[in-house]
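Enquirer: Each chain, letter by letter, is given below.
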Amino acid sequence: MIDATVLERHGVTPDEYHRIVGFLGREPNITELGIFSVMWSEHCSYKSSRVHLRTLPTEGPQVVQGPGENAGAVDIGNGLAAVFKIESHNHPSFIEPYQGAATGVGGIIRDIFTMGARPIGLLNSLRFGALDAPGTKRLLEGVVAGIAGYGNSIGIPTVGGEVAFDPCYAGNPLVNVFCIGIAKTSDIIKGVASGVGNPVYYVGAKTGRDGIHGATMASAEFDERSAEKRPAVQVGDPFMEKLLLEACLEVMQTDALIGIQDMGAAGLTCSTTEMGSRGGAGVEIDVSHVPQRETGMTPYEIMLSESQERMLLVVKKGCEAEVERIFEKWDLHAVRIGEVTADGMLRVKERGAVVAEIPNRALTDEAPVYRRPTERPASLETAQTLDLEALPIASAPDVATTNRVLLLILGSPSIASKRWIYRQYDHMVQTNTVVLPGMGAGVLRVKGTDAALAMSVDCNSRYCYLDPRLGAMHALAEAARNVACAGARPLGATNCLNFGNPEKPAIMWQFAQAVEGLGSACRALSIPITGGNVSLYNETDGKAIFPTPVVGVVGLLPHADRALGRRFVGPDDAIVLLGEGHGELGGSEYLATVHGIVKGTPPSLDLDKERALQTLIVGLADSRLVRSAHDCSDGGLAVALAECCFDARVGADVQIDGVRVSSRDTINDAGALFGESASRIVVSARASDVPAVLARATAAGVPARVIGNTGGGRLRIAIGGRTAVDLQVEEAERPWASAIADRFTQRVA
Amino acid sequence: MRARVYVTLKPSVFDPQGRTIAEALHSLGYANVDDVRQGKYFELDLQTTEVDAAKALAAEVADKVLANPVIESYRVEVE
Amino acid sequence: MRARVYVTLKPSVFDPQGRTIAEALHSLGYANVDDVRQGKYFELDLQTTEVDAAKALAAEVADKVLANPVIESYRVEVE
Amino acid sequence: MTFGVVVFPGSNCDHDAYHAATQVLGERAELVWHKDTSLHDADVVILPGGFAHGDYLRTGAMARFSPIMPAIKAFADRGGPVLGICNGFQILLESGLLPGAMLRNRELKYRCEHLYIRVEQTDTPFSRRAQAGQVLRIPIGHGEGNYYADADVLSRLESNRQVVFRYCSPSGQVDDAANPNGSVHNVAGICNQRRNVVGMMPHPERACERLLGGTDGLVILQSVVDAVAAGANPADVATTSSTASTSPTR
Ligand SMILES: Nc1ncnc2c1ncn2[C@@H]1O[C@H](COP(=O)(O)OP(=O)(O)O)[C@@H](O)[C@H]1O
Ligand SMILES: [Mg+2]
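Residue numbers (the numbering used here), protein chains in the order written: chain A, 78 to 826; chain B, 414 to 492; chain C, 414 to 492; chain D, 48 to 297.
Since the hints were made in silico from the structure, they are not lab data.
C-beta: ideal position from N, C-alpha, C; glycine also.
Keep in mind that the hints are not guaranteed to be accurate.
Said to hold, decoys possible - Derived, one-sided and incomplete: chain A residues facing chain B with beta-carbon distance under 7 Å: (1) E173; (2) G285; (3) D287; (4) V312; (5) D314; (6) V431.
Hey, can you work out the whole structure from these sequences and the hints?
Expert: What follows is the structure, given as structure tokens:
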């Protein structure tokens, strides 16, 4: 019955099958094979990534919960913890952008409230092909509408994110969603099953045939009861999730609950086995008690269904009525489907007859782990070779041309304002949003305290392509720097590692390098990783995406009212540059947008300097010595300065030093204006505070210099005394403000 | 000529909106309504005067723009 | 028995969705589509087995719940 | 005084209204579950924003059948002040407590941002503290805020001075450029004939704290605190008519 074709369809290798037989001491039946296949899938078992992920630093005095639970958590004082995680929904969003993105939001929200935390914020990190390429606009529009449709409805503000466009994502967009919640540290709930005889409850949407993955799909061949066609697309139901969220949080206020977990990937299978294995217990369920949306579902289908908006609970014996009553209040029917057992087995019955019986450990701890071969791609050498002298530009700089180049970069969709996007997200519900999207890191006050949390997701995948190790370090550093620019001290990070096919040594090399880089940056900045997600096989027609390790960092501001935004506050403030530029153009937005090339090596990154810089800016914010702060990254100093002027319509008059990276002055100017040297922040300060700012910087060992003043209606940048850029702020703002919106104009008369 | 296009979720796709409406109807006492599925309905005013051409045009428009073939199916009528 | 309910905006009410679709169709080159109006479509599974009773039930549900008389009108069919 | 904040399944600004009433205004507030049939001792009722029943059929379409609705109607009939915010406004429309209906935003997109509204009428319990013509900066967050009423209803609304708030420019200009959703006559909020029931799309509870970027919403909530303190049955509130122009420039 189980032959090579069946194994292949389940993505189970002959070796793995051998191990399965070993664990069971017999051949599995089809339901058991299905259960093994999903639990041992890359998505659930992390079999290719686990050896690398183990090297990430996960500890620190602030860590309340590290990796391994549904989400990580850090202590934020006042007896509270911030619970957060990021997850990908790339493939589903490509198939059906609206529902794929919506269900991605739904899934990550469940991970957070499962921990006993009330979700208070969402971020999203999106990657698409070139915006003008066919299909991109439809994808972007659908994904954004899906995120909005789910998040707005359930009432969790989307307070930030990032969006980038590059042809490498044309066949494989990325949709990563981050969620953060707040729990009392003492009330954090885990996904464990324990206490023999305690009832196991199912609550939420009914189980349908949706989401049973193609690769693990049962076919008529091995089960006559199953229908031939099943939709891969799941439809999100934010209303159901809102009810689940409120009801679960209410149940968590009682002492009736032992453990709880959402049914995400691998549905009922994953939640029963993981909860059992965490609690060192077994779980026995009868699938005939599982609420079903369709008729004639097999145990195989019920166990593997990935229907959305479902939760599994282990309840204290004797508290059943209390739990059922709370769910009834919310019009949800909690159904008892089984109980906790002592024998460490996952036992599945159908109307009393055992249809699957597997030791939990075999599905979780004993799942295969691979150290896949790695090999540095030969093509990297060429990519890293950047010949600035060969760039086809004039050698003598003139202001008109440089103005045009700046406008071009400001209007590049990756740099341009994302207002058209975040305006579709409710970013104010829950009345906590101190710093709105578009102003830098999202900042949410913590009600009942003076504090606020800042959060940012970042990754420059061009850097990661050119040097995955350094690129990943930049991702962590940039996310942390954005958080620090808001005035918050980074406390912890989560990550979503989006890569190609790990069975290719070149991809696996990228992966290993990126994890190494991420780990070393986390250690240097004392930011532990508390959780994350890995998304592999992001390839179309054998062509992989750029390695994209998206990092989300969460930080704490003791005083919410000291939060900073990017925008200049008014005229006559001094503009101070913290950090130094070296004209590094490798992998820059300038090269990509103006010259259409992704080449060179990413900017260097000195993590000690980065750490000093971040500590400095957090201190300056706390002492109210600066009025705005903006990280200088994509597009370099010129773009950062322009963005400080935008929305405020406050101009800037700036003088900077030149750099020498080429024999031609145009290129030197480009390096000074658009070079992306790391560890730089543009701040503005009252003139009277400048001495204090500079003194603090000196004490911290951070280079700092007054580079100009705010005021007037123009953005003027001189290099070594010679005017390089001179534009009306309004003129500069136009392409930036409208680049994305104009491509979607849809105004009805 | 007027064409009517009916777009519905494919039968295998879960329709949470329809289900929620059905449940609301139950709580209002309409126990006789077993299930509800919600779809979209379009009226197109076409310049075409021939039935077959109108049908073909409406079907093309439905296929390309009005329905999402991944999860929806459609039906066209011309009057 | 299955009832179908079609809910449309009253002719006097401006339909932004229909208008947007019409404009999108024009920009795709479908100049033959003069106008589009979008409505809602419901399929109700009723326990009733009599046509008249089914019609009456569906109409009641449409009137009370499915359509908003301020802006919408509806039509019921039973198969 | 006590604010009664009604919680429908899918309400998501209920806690925001509660927070504004208790933490910012320092008043009492109670969350009233939609299956309750009594408003207990609420002096003012707020129907908060959100997505009651997911707004799956139409915004507010199913909430109007909630068991609490008869109590709200009775409260309104007695002259009690009722404020519907966003989804709450939509529920008031669906249940007939206010005239008209909501269509999708003309650009078909959900829209969340700070906007400006002009106070047109000050003889309602939710605007009595404002100056006629005062411009308030208050956020919106909705996908279906395109207010519609047919010509007759609209002219009655205007002649009875029932348009309480209109979308406007920062300087108070009521024109199409300031209209975020296509509402007729730039309507952002209206009241019933008796003037005690007000519905508005913008969220005053989101604009009550400096930390969150502005406090212009306070005038609306403080108005009703005054009204209740004055023991005013809104029908008795001084009917000093407001001076703002009643017909918008279009
Ligand atoms: N998808 C999105 N959702 C919400 N906000 C976004 C999104 N993309 C970008 N933003 C916001 O726009 C601003 C600029 O984004 P980005 O260019 O990535 O900032 P930075 O360069 O500081 O990392 C940030 O405030 C960010 O939160
Ligand atoms: Mg960024």
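Enquirer: Against each hint, give a clear statement of whether it holds in the structure.
Expert: To see whether the hints hold, each was checked on the structure:
no.: 1; hint: E173; result: holds, 5 Å
no.: 2; hint: G285; result: holds, 5 Å
no.: 3; hint: D287; result: holds, 6 Å
no.: 4; hint: V312; result: holds, 5 Å
no.: 5; hint: D314; result: holds, 4 Å
no.: 6; hint: V431; result: violated, 30 Å
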